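K.L.:
Chain by chain, the residues run as shown.
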Amino acid sequence: MHNDAILSVKNLEKQFGPGCSTCHNESTRKLEKNYCPQCGTVYACRNISFNLFPGEILGIVGESGSGKSTLMQCLYFDEAATSGELILNNQEFQEENVLELSSQQKRYIRNYHFGMVYQNPLKGLKMDFSAMGNIAEKLIAAGGRNVAEMESIGKTLLEKVHIPLFRMKEEPKRFSGGMQQRVQIAKALSNNPPILFLDEVTTGLDLSVQASVLDLIKTIQRELGISMIVVSHDLAVIRMLADRTLVMLNGEIIEEGLTDQILEDPQNPYTQQLVYSLL
Amino acid sequence: MNQHHFAFFDEGSKKEIRRTILKAVAIPGYQVPFSSREMPIARGWGTGGLQITLSIIGREDCLKVIDQGSDESVNAVSIKKLVHNTTSVEITERTQEATIIQSRHRIPEIPLQGGQILVLQVPTPEPLRQVEPREYMTKILHSEEEYSGAWLQLFEQIMKYGRTATGADHPVYVNSRYVMAPSPIPRFDNVKMNESDALILLGAGREKKIYAIPPYTDVQSLAFEDYPFAVEEFSGKSCRFCGATDVFLDEVLDSATGDVHYQCNDTSYCLEQLNSHEKAKEESSYA
Numbered sequence: 001m002h003n004d005a006i007l008s009v010k011n012l013e014k015q016f017g018p019g020c021s022t023c024h025n026e027s028t029r030k031l032e033k034n035y036c037p038q039c040g041t042v043y044a045c046r047n048i049s050f051n052l053f054p055g056e057i058l059g060i061v062g063e064s065g066s067g068k069s070t071l072m073q074c075l076y077f078d079e080a081a082t083s084g085e086l087i088l089n090n091q092e093f094q095e096e097n098v099l100e101l102s103s104q105q106k107r108y109i110r111n112y113h114f115g116m117v118y119q120n121p122l123k124g125l126k127m128d129f130s131a132m133g134n135i136a137e138k139l140i141a142a143g144g145r146n147v148a149e150m151e152s153i154g155k156t157l158l159e160k161v162h163i164p165l166f167r168m169k170e171e172p173k174r175f176s177g178g179m180q181q182r183v184q185i186a187k188a189l190s191n192n193p194p195i196l197f198l199d200e201v202t203t204g205l206d207l208s209v210q211a212s213v214l215d216l217i218k219t220i221q222r223e224l225g226i227s228m229i230v231v232s233h234d235l236a237v238i239r240m241l242a243d244r245t246l247v248m249l250n251g252e253i254i255e256e257g258l259t260d261q262i263l264e265d266p267q268n269p270y271t272q273q274l275v276y277s278l279l
Numbered sequence: 001m002n003q004h005h006f007a008f009f010d011e012g013s014k015k016e017i018r019r020t021i022l023k024a025v026a027i028p029g030y031q032v033p034f035s036s037r038e039m040p041i042a043r044g045w046g047t048g049g050l051q052i053t054l055s056i057i058g059r060e061d062c063l064k065v066i067d068q069g070s071d072e073s074v075n076a077v078s079i080k081k082l083v084h085n086t087t088s089v090e091i092t093e094r095t096q097e098a099t100i101i102q103s104r105h106r107i108p109e110i111p112l113q114g115g116q117i118l119v120l121q122v123p124t125p126e127p128l129r130q131v132e133p134r135e136y137m138t139k140i141l142h143s144e145e146e147y148s149g150a151w152l153q154l155f156e157q158i159m160k161y162g163r164t165a166t167g168a169d170h171p172v173y174v175n176s177r178y179v180m181a182p183s184p185i186p187r188f189d190n191v192k193m194n195e196s197d198a199l200i201l202l203g204a205g206r207e208k209k210i211y212a213i214p215p216y217t218d219v220q221s222l223a224f225e226d227y228p229f230a231v232e233e234f235s236g237k238s239c240r241f242c243g244a245t246d247v248f249l250d251e252v253l254d255s256a257t258g259d260v261h262y263q264c265n266d267t268s269y270c271l272e273q274l275n276s277h278e279k280a281k282e283e284s285s286y287a
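Protein chains in written order, with our numbering: chain A, 1 to 279; chain B, 1 to 287.
Honestly, the hints are just simulated from the structure, not real lab data. Check before you lean on any hint, since a few could be wrong.
[As the list claims (entries may be wrong)] The list that follows gives simulated cross-link-like pairs (lysine-lysine, DSSO-like), each with its CA atoms no further than 30 Å apart:
#, chain 1, residue 1, chain 2, residue 2
1, A, Lys-106, B, Lys-81
2, B, Lys-81, B, Lys-160
3, A, Lys-169, B, Lys-160
4, A, Lys-126, B, Lys-139
5, A, Lys-126, A, Lys-173
6, A, Lys-10, A, Lys-218
7, A, Lys-173, B, Lys-139
8, A, Lys-123, B, Lys-23
9, B, Lys-208, B, Lys-139
10, A, Lys-218, A, Lys-155
11, A, Lys-126, B, Lys-81
12, B, Lys-139, A, Lys-123
The structure presented is a predicted model; accordingly, all values stated were derived computationally and were not measured.
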């Protein structure tokens with residue numbers, strides 16, 4: 001089973017701060033939520049291990065500060081993980097811990113194998129460049145050097161995310177929030193990545209736009225068979241998208257399983273509280 | 001003018017700038033930071049080039065200074081005067097005679113030879129500045145050879161204007177490693193950098209960077225497969241004074257008549273052409 005995984009994470013740790021004598025050792029560590037009251041070091045991700053399988057949408061749910069976004073940033077190399085392993089089922093990097101590769105190689109993996117949609121489009125888009133240019137940026141990074149080819153890929157993607165083509169040369173700063181998010185999705189999809197990361201993609205969008213973005217993600221997953229990791233604090237989003245779900249609290253995975261199972265029969269007291277607080 | 005130190009700078013300053021130049025030559029296209037000094041001209045007026053010139057010049061050197069092709073513009077003349085007053089080196093307008101040529105935004109029409117040094121003045125040394133304002137980020141991008149930003153700018157121009165529209169400073173790939181701003185020379189001059197016989201040094205005084213292209217280095221202008229790099233087009237046009245056709249021409253509008261004229265941008269080249277025409281005419285009239 002493990003060998004089939006397209007991405008597997010083993011014992012990933014991320015701490016902010018140097019740690020002190022009391023919190024250095026895991027067994028003697030006495031944390032308050034996720035930080036050490038002695039030295040203030042934050043243990044944002046603790047001993048995170050999971051697998052992602054081809055064509056699967058994996059949900060990560062948890063409250064603010066539970067470490068889900070930090071985890072995502074570590075996987076996309078935006079943040080350097082403190083320790084742990086990340087293994088990709090990929091011929092180039094077979095059985096290698098890609099977290100230990102050089103920054104050039106990490107950049108290569110990001111450009112060729114990953115796509116990322118940030119919560120805030122400001123982070124994922126260049127607001128002063130055209131929507132088409134934004135998509136081309138990712139294609140150029142993945143080695144594209146033919147303008148006509150990139151333009152046609154861009155047009156197909158913009159159509160797929162329902163951006164009218166007559167606006168393709170406009171800058172995303174002139175788009176609505178929902179449109180910006182859809183351009184971001186088109187950009188993330190442009191290099192045909194086997195793995196897509198989605199960080200709170202619908203947070204801050206109104207309900208009808210949320211629905212259309214979610215619908216789009218679901219369609220893309222069904223059509224292209226891309227594996228996705230979806231981070232959200234919104235259980236409704238997780239229920240709609242994710243096949244499997246991890247529940248995080250204070251930097252740890254406290255429960256994992258099929259999404260239905262977790263929502264219908266939560267085992268951990270925190271998960272129970274979370275599910276029952278759902279309106 | 002003996003109260004001046006030779007070449008204006010103290011020896012320590014020259015040493016530091018020479019060291020920076022050595023490092024720049026060792027890593028073609030890489031921008032080496034240096035402690036740009038206060039100069040008797042304002043930053044942004046060629047202080048980068050001037051600092052390079054002053055720190056490499058020796059008593060046997062022969063200097064030519066041009067400003068956008070002209071030997072006689074105010075900026076070129078002031079720089080020439082400053083260097084001459086502090087070094088007493090010979091000043092020339094002939095490209096072939098010069099050992100050091102400091103230039104603002106042009107490479108002379110007469111091909112440079114081995115042993116000559118071209119010093120270019122640079123306003124913005126960072127080719128990625130327009131896409132990434134933060135210096136520490138552009139340093140990372142260079143180190144990871146992540147140049148999609150430079151390509152993206154060209155892509156945007158193609159989207160907007162149907163072609164790459166860099167008026168000057170069209171980015172180049174140096175030695176297949178670093179993307180570099182060639183300083184605002186016209187695209188016409190970009191090709192002269194490739195496999196150049198002369199050493200090319202570039203100095204940005206305000207931005208405190210020195211970089212270099214050693215002789216015989218591969219320098220390629222960035223271009224997409226279906227939009228190949230093209231130099232400025234002057235077909236069917238010639239210089240109204242000397243008749244030259246294969247040179248970079250200035251377009252001059254006569255506002256009284258509305259006529260458009262073309263003339264050599266490189267004034268010393270034009271003058272030399274004219275002189276040789278005259279000489280030929282004279283010789284034929286004697287015969």
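K.L.:
Quick one, are A:Lys-106 and B:Lys-81 close enough, alpha carbons at most 30 Å?
P.N.:
Cα-Cα ~52 Å, so violated.
K.L.:
Between A:Lys-123 and B:Lys-23, is the straight-line Cα distance small enough, at 30 Å or below?
P.N.:
violated, 36 Å
K.L.:
Decide if the proposed pair is consistent with the structure: B:Lys-81 and B:Lys-160, CA atoms, cutoff 30 Å inclusive.
P.N.:
violated, 45 Å
K.L.:
Checking one constraint from the list: CA of A:Lys-126 to CA of B:Lys-81, max 30 Å. Satisfied?
P.N.:
Distance ~46 Å between A:Lys-126 and B:Lys-81 Cα, so the pair is violated.
K.L.:
Can you confirm whether the C-alpha distance between A:Lys-218 and A:Lys-155 stays at or below 30 Å?
P.N.:
holds, 20 Å
K.L.:
Need the status of pair B:Lys-139, A:Lys-123: alpha-carbon distance at most 30 Å?
P.N.:
At roughly 19 Å apart (the allowed maximum being 30 Å), A:Lys-123 and B:Lys-139 satisfy the hint.
K.L.:
Decide if the proposed pair is consistent with the structure: A:Lys-10 and A:Lys-218, CA atoms, cutoff 30 Å inclusive.
P.N.:
Holds, at roughly 28 Å.
K.L.:
Within 30 Å, alpha carbon to alpha carbon, are B:Lys-208 and B:Lys-139?
P.N.:
holds, 14 Å
K.L.:
With the threshold set at 30 Å, check whether the alpha-carbon distance from A:Lys-126 to A:Lys-173 stays at or below it.
P.N.:
With Cα atoms ~9 Å apart, A:Lys-126 and A:Lys-173 stay inside 30 Å; holds.
K.L.:
Does B:Lys-139 sit within 30 Å of A:Lys-126, going by the straight-line distance between their CA atoms?
P.N.:
holds, 19 Å
K.L.:
Does B:Lys-160 sit within 30 Å of A:Lys-169, going by the straight-line distance between their CA atoms?
P.N.:
holds, 8 Å
K.L.:
Quick one, are A:Lys-173 and B:Lys-139 close enough, alpha carbons at most 30 Å?
P.N.:
holds, 27 Å
Consistency note: the structure conflicts with the earlier hints numbered 1, 2, 8, 11.
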